Amino acid sequence: MPTTVTAERTVTEMSSTIAHPNTAGHTHGESAGAKSRPYGLIAEFDTPGALMHAAERVKSEGFRYWDACTPFPVHGLDKAMGIKRTILPVIVFFAGAGGTTAAFVLQAFTNSTNWSTHAPDWLPMLDVTGYPFLISGKPLLSLPAFIPVMFELTILFAALTTVFGMFLMNGLPQLYHPLFASRRFARVTNDRFFIVVEARDPKFLRGKTEAFLKSLNPIAVEAIDE
Amino acid sequence: MTSLPANTRIVDNTSEQPGDRAPLVLNMERFGQVTTTVCRVNEMKGAPLAWYVAFAASLGLLGLLGFCVLYLIFTGVGVWGLNNPVMWAFDITNFVFWVGIGHAGTLISAILFLFRQKWRTGINRFAEAMTIFAVICAGLFPGIHVGRVWFAYWLFPIPNQMEMWPQFRSPLLWDVFAVSTYFTVSLLFWYTGLVPDLATLRDRAKGRIQQIGYGLFALGWRGSNRHWHRYERAYLILAALSTPLVLSVHSVVSFDFATSQLPGWHTTIFPPYFVAGAIFSGFAMVVTLAVPAREMFGLKDIITLRHLDNMNKIILVTGTMVGYAYSMEFFIAWYSGAMYEKFAFLNRAFGQYWWAYLLMVSCNVITPQLFWFKAIRTSIPLMFVLSLVVNIGMWFERYVIIVSSLANDFLPSSWDKYVPTWVDVGTMLGAFGLFFTLFLLFCRFLPMIAMAEVKAIMPAADPHAGAHADHGHGGKDGH
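Just so you know, the protein sequences line up as chains A and B, in that order. Under my numbering, the first sequence has 136 at position 136, and the numbering climbs by one with no breaks. Under my numbering, the second sequence has 111 at position 111, and the numbering climbs by one with no breaks.
Bear in mind the hints are in silico, worked out from the structure with no lab data behind them. Fair warning: this is a prediction, and the values are worked out from it, not measured in the lab. All C-beta atoms, glycine included, are put in the ideal place defined by N, C-alpha and C. Heads up, a few of these hints could be off.
Said to hold, decoys possible - Lysine to aspartate or glutamate pairs mimicking EDC-like chemistry, simulated, CA-CA at most 20 Å apart:
1) B/Lys118 - B/Glu232
2) B/Lys206 - A/Asp191
3) A/Lys84 - B/Glu232
4) A/Lys79 - B/Asp462
5) A/Lys79 - A/Glu56
6) A/Lys59 - A/Glu198
7) B/Lys118 - B/Glu16
8) A/Lys214 - A/Asp201
9) B/Lys206 - B/Glu43
10) A/Lys208 - A/Glu61
11) A/Lys203 - A/Glu61
12) A/Lys79 - B/Glu232
Stated by the list, open to error - From the structure, some residues in chain B lie toward chain A, with a derived Cβ separation under 10 Å:
13) Pro157
14) Leu173
15) Val185
16) Tyr191
17) Thr192
18) Arg226
19) Ala234
20) Asp309
21) Ala325
22) Glu329
23) Ala461
24) Pro463
Next comes chain B alone, as it looks inside the complex (with noise of 0.2 Å):
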């Protein structure tokens, strides 16, 4: 059976020879060392240590937001560094990070799964949930910048006594539509995984709340072939469905900037180029969560260094297309002759935010070049400090695309200077609290690996492998 001499560990699967597919799980033959290695994670008395220094951590910064957004909410939008020019910036800067960063949960469930890129089943679970907790992040910044909360619900078409109604004309309302599907689907897509896994947890539960908390969400699957038969289909159609409206959601978020007057927003090259951007920022981020979680919960033989490799591949081929769009802005301005355009851009980069106009560059076009080299896209730390600086720099570039065409528009008399307050940098804070608050608590209480679908990708999933090769099928192995 086995080819493995005992005691070899394969570590490094990132080199592959022609004819001849790298393993995508390691050290493991048989299924049921999938489940163990995953639900491990659940089952397990306590967590690692770091898990409850995390936790805390995360905690702290949650009630920090709570802290920002009440105060927020109690006292007015004036506790925030906005003026006349510049009414929108950390919060929709950190509105358009958030949904940027749930883009990779949904390339990865979706689109990977359409081309048939079978090592997105290592990753494919907590990048989905990793796009939730984001959307959840970026549900919040709307709600909140409102000025008056409590009628945050006129951003839905309510039937209501004031026989008023949402201006469909306008793109804000179709980002109301745009976030909401995209959080509705993605949860879908999440939940519909999630269930052959929980059935899995909720067969091997020992506690009493384990079997009824695990049982109820589990919906009673019991793995029949004619449920898998419809399972899979409509997988495929939310796969479907879900690739044109990952697309969608930030061409629709770019749109609230594109479809205005402003320069160095009117932009057609906006929709791809900030999906491009959603993309990249978003996979820096499975990368920031994956390398730690990997570690602390012994998934390596799941989460593979190739897993790790191409996703820096991504990384850099968004980076670079982020780059491309960076200069043709800025080709465009020059080209378009219009004079408001090419001040905006000229103002982007020297005045007074070129800063952040560099720190973007550097971290988002500059810094992922290095992945161009195999020891850096193969290198833990290297990798984790790398995603951490593509963070950094999708968020200022948003800060910059916003604060930057703001303060400084047509006209000088009513140009100004944004500074942000203590607010504004404690909600931002406080946003990462919530997300890795959620991100935490799955970790601890859910499968971090779709655990059917990485057997099923196992070499032993295929039914004419081995001692059964010879019963007349195989020949026709057809995948």
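Okay, chain A solo, but in the shape it has when bound (with noise of 0.2 Å):
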């Protein structure tokens, strides 16, 4: 296995806010000074599977906050990892029901009614009235002919939400996130794979943290600043 090797090699190359990893035991905190406070600390995997078998050990080790992140989705690691099914797919059906029904409610009002509303003088675009008009005496209220649009509405809501609910619930935009400042973790778009376990969880403790993670045969570890 070359990865162990290496994990050797790069002890060295580790930022200087971490502690000497020999010294287990070593207490949770404040050890660099004027330095800004850890997030906390990457491993770095160079396959899939070695990942994945990570991933396994991490969250089994009782960690909260921590994550893995991987250039593109590794089948299987959701469930390794223990992540919660997502209930975006139950927003987007909401989503895509408001759209039928505002669909509906366009069409009926402005083709079938003689409705007026009458807003606030300040809202002026909300001043209006149904436009109805005979044509080839088609009825006035015709739902057949309201399906089309209903349906497209219908997409276009939840596909809209689905798009805006994911990002959202992900936390994007962010542009700036502390791994950023990792030039290590650059990689992570390209072919390298991460365990990160920030340092806000309860069960981080710095040296005794590193030394775990490098029990997974990483490439290497890496403590990251706030």
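From the two separate chains plus the hints, produce the assembled complex.
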């Protein structure tokens, strides 16, 4: 296994804020003094298999604020990390239903009624009146004729909710993140796999956690500052 | 590790042994190789000479489009060859043609995704880009053919001081909703797929402008698996939404014709027939674009011969479906016993536009049958020529349907002949300029291949592959 060899080598490359790896039992906290607060530790792996193995260990160790970062979704990693299924589909369903309703109301109001709404003066756009007109003897309120637009708006609302909902639930856009400070971490969008354990995790003890991450056979372990 | 002898490059991966999947990414085993191959296109100092030549030609045509459109707006629709029975001709032909081209992109990104067709990953990004640019071209034509272009916003239900609303019981308005929804959803789908790859470009960028530009659009993506989890759900939902959407779009386009009373338009076969034709022409356009692009940018190991072979098979299938629709239209015209219907179809094949009909049948039904032969399906020059033939044939299909039906309707006294003017022809060619300008800019500045998706289908992406197969999960490979 080449990975263990490189792990030894990269100890010296590690950020200066890390205590020496062999001083186990080093307690949580403010070793570096003037330096900024620690964000956490990252461990680098070079195959999805190694990462998966590591993720299972981190999970069983009982960490809460940790993550695995990968260049592409790794099959089975969600399960290995114990990620709860997202409720995004439920939100999308209601957004889609909202689209169907909105389309029906829009069409029925504008084409089938002559109702007026009277909005306050500061909302002139809402002061609207329906415009029913007879064409080719078609009924004014004609559900079959309204179905295509109802379908399209269902899809439109659902798709917009899917994309915006997904990014917002992920906390994106977030143009700055402590991890971006690491040159090593830049390879996460290329070909490397990372385990990130955050310092705010109750079980995080720098020396101990670092020793634990090293025991997972990573290529390297690096400390990240906030 | 490697089983490949040195200097052996796999080129043909079109044959597959039972139980042994043919590789979809050739001559690469490491993820980094995919990144380098794809990003090289965006990172090289200057584009290949062919790119500059193509870009100059496209810009020229784009200029022609701008000129023709401005000339039309400042003069009036009289500059087109339209006349009283033929009030739709090149404009709507181009509209239907371009909307149709878009359909292949969505089919590849959504329908093939739902069917777990892993080969789609090599071609989906630029096929989706093609969709978006094609829909932009399509959207231009209804906008400019309304005559008084400054009233084009009447298409949308915008509250206004006239207290008027669009007519929702008209298929033309359904079209507005279908095409604008299609554009929006395609753009969202494309952008969602782009985010992780933009992050790759951001992390590799050397220059400040690239770092900021790619960085902004990458939204701060950092590959977190908690993000990937929602991302994959969202991607699946988008695919599930796009699948009925793409089938609905060309169906709604066909309603523009099918709900009218005009013989030759008033047929129930139109929705499925239009969708099949759209996918047919769209795949032909994907081949037309993929063949030079993989050559120009060195992407032959990712857009492999197998991808092209598969696309040619789809062209063969959909071309045959289109051929079936052509013959079924004739059968129904005879079987219905409707005099006008019978006349419309005889007139289509033997009337004043017989040459266009002949061109359409030979390009769309007869020539694609050559794809039954593997030698032709896997020959780069032949497939390129055939894809162009299909593009031409499908343009003429819309021309034949629209113009021949309008020119000779119920009453012989109202018949006329449509002849395009130079403005018609210029606008049609100009739309190709717009399309190729956008496409070439895309190739240069955005990742043409969905890198994250391609990496995920490589054998090395399987967490149970190789050295770690022994840690207890080796038998649970669920995909």
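Exercise for the section: Verify the proposed pairing of lysine 79 of chain A with glutamate 56 of chain A, using a straight-line Cα cut of 20 Å. Expected result: The hint holds at about 9 Å.
Problem - Given pair status - glutamate 232 of chain B, lysine 84 of chain A, alpha carbons within 20 Å - result: holds (14 Å)
Practice task
Decide if the proposed pair is consistent with the structure: lysine 59 of chain A and glutamate 198 of chain A, CA atoms, cutoff 20 Å inclusive.
Solution key: holds (13 Å)
Problem - Proposed proximity, glutamate 43 of chain B with lysine 206 of chain B (alpha carbon, max 20 Å) - result: Holds - the C-alpha atoms of glutamate 43 of chain B and lysine 206 of chain B are around 9 Å apart, at most 20 Å.
Practice task
Have a go at the leucine 173 of chain B hint: is there a Cβ in chain A nearer than 10 Å to its own Cβ?
Solution key: holds (7 Å)
Handout entry: Interface hint compliance - alanine 234 of chain B to chain A, C-beta minimum distance less than 10 Å
Key = Hint on alanine 234 of chain B: holds, closest Cβ of chain A at ~4 Å, below 10 Å.
Handout entry: Pair hint lysine 214 of chain A and aspartate 201 of chain A, alpha-carbon separation not exceeding 20 Å
Key = holds (18 Å)
Handout entry: arginine 226 of chain B as an interface hint toward chain A, with CB separation required under 10 Å
Key = With a minimum Cβ separation of about 6 Å from chain A (threshold 10 Å), the hint on arginine 226 of chain B holds.
Handout entry: Hint validity - proline 157 of chain B Cβ closer than 10 Å to any chain A Cβ
Key = holds (6 Å)
Problem - Satisfaction of hint between aspartate 462 of chain B and lysine 79 of chain A, Cα-Cα up to 20 Å - result: holds (15 Å)
Handout entry: Minimum beta-carbon distance criterion (10 Å), proline 463 of chain B to chain A
Key = It holds, given that the least Cβ distance between proline 463 of chain B and chain A is near 4 Å, below 10 Å.
Practice task
Mind checking the CB of alanine 461 of chain B against every CB in chain A and telling me if the closest is under 10 Å?
Solution key: Status holds, d = 6 Å.
Hint compliance for this structure: hints 20, 21, 22 are broken, all remaining hints hold.
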